[in-house]
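*Asks:* Following the hints, complete the assembly by docking chain B onto the known chain A.
Number of protein chains: 2
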Amino acid sequence: MTATGPGSGPETAGTPARRRPGGRTARVRAQILDAVRAELGEHGFDGLTVDGVAARAGVHRTTVYRRWGDVGGLLADVFDAANDDTWQPADTGSLEGDLTALNQEIQTAMTARPPVMAALIAASFRSEQAARAQRRLWEDRYRRCEVVVERAVRRGEVRPPVDARRLLVAATAPLYHQLVLLGTPADPELPAHAARTVTLAASAGAFTHPSPPRAAPPDGE
Amino acid sequence: MTATGPGSGPETAGTPARRRPGGRTARVRAQILDAVRAELGEHGFDGLTVDGVAARAGVHRTTVYRRWGDVGGLLADVFDAANDDTWQPADTGSLEGDLTALNQEIQTAMTARPPVMAALIAASFRSEQAARAQRRLWEDRYRRCEVVVERAVRRGEVRPPVDARRLLVAATAPLYHQLVLLGTPADPELPAHAARTVTLAASAGAFTHPSPPRAAPPDGE
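Top to bottom, those sequences are chains A and B.
Residue numbers for the first sequence follow full-length UniProt numbering, so the first one is 1 and each next one is one higher.
Residue numbers for the second sequence follow full-length UniProt numbering, so the first one is 1 and each next one is one higher.
In case anyone wonders, no lab produced these hints; they're calculated from the structure.
If you're wondering where the values come from, they're calculated on a predicted model, not measured in any experiment.
Don't take every hint at face value.
[Claimed, not checked] A partial selection of chain A residues facing chain B, derived with a Cβ cut-off under 8 Å: (1) I121; (2) V153; (3) A173.
Every residue gets a Cβ at the ideal spot worked out from N, C-alpha and C, and that includes glycine.
This is chain A alone, in the form it adopts within the complex (with noise of 0.2 Å):
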């Protein structure tokens, strides 16, 4: 599990072995999204196929055609299943070090072998039922975020009122931007320095409601 959604460590790619809780239909649905997780890290997604998925979970194909319909279907349904998890963001007891441990679980997440979560994203290009589903993980993920900025305003780090989803997208903005757009190499800084440049401008009030100041004077105002 991580802060950006469907886990992509050992303990969710091809151990279909592991005990599940939950009944049969539960046990055949994480069968499925480890083999969907691990066959999108292995190829991508134009080497992800149902047929391929059934036969790497031990699943009938038609069990699969029948419940998850496509391949768009499957994916949305790994990102889904993100949504059923018990991830919390870390309570490190400041602002930037909350933010900071954010930080660091996106890139871990975003630059893991084999490189889940970016095909994951990826995928979402091609399948809007998998990027809907994107889309609802992100909203749940940064919902789950917004404890960091409570903490942050009862310590008196940051004045509220405080627009926490914007505070929390500035923080984790430059990742998913270096990392899935610019495609530059893992800055191993970045994280604390994202999560640093959002803590200095929400100090000085860039995300207390309703006026944050300017931050110099404007020439002609």
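*Replies:* Relative to the frame of chain A, chain B by itself:
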């Protein structure tokens, strides 16, 4: 032409009769790249074919195959052609103003109809050749934007030495994250807000080498 690269406005979409600088080779290239942008904006990557581009441009398909090879080659050349323009960031007189103008250009390009820019970014997940060309273009655009930071240093808005690239990525990343990955509707306040956030952080030393200040005294240190 825009901050983010290949133009998507009426000046570049489907005006093959316009007079072009250069000889016949340059004219054919311009017609072909216009057709790529127009086809991509109308049909997306899945509807983009060499034959469709050739037909739209009124150029023989063998010319297109010989010179560009395939769809990946066509997309890469759209990105590369944007490197040849004379785009420069606006000079508004303040760091916050310059970053706001830059972000507004990005938001306008990303939300334009037809969605050429958004389709180009999506296409870069389909073609490694296009992805490499997109990275070259982004590198070029961020390099051209460094003058924004140099002007801010000269005006005394930011204490040197400054990591200009980090500042520019931090300022623009929320736009891309919201529009490309999170898929949220364009927020008309975001361009200015992201600019103000980064300007406040820059004033507080977030991008000044070698040791940015800590935002708040962390626990236990």
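*Asks:* If a hint holds in the structure, say so; if it doesn't, say that too.
*Replies:* A quick look at each hint next to the structure:
For I121 of chain A, the interface hint holds, the least distance from its beta-carbon to any beta-carbon of chain B being 7 Å, beneath 8 Å. Using the Cβ-Cβ criterion of 8 Å, the hint placing V153 of chain A at the interface with chain B is not satisfied: the shortest such distance is roughly 13 Å. Interface hint status for A173 of chain A: upheld, as the beta-carbon distance to the closest one in chain B is roughly 4 Å, under 8 Å.
The structure fails to meet hint 2 from the earlier list, while all remaining hints are met.
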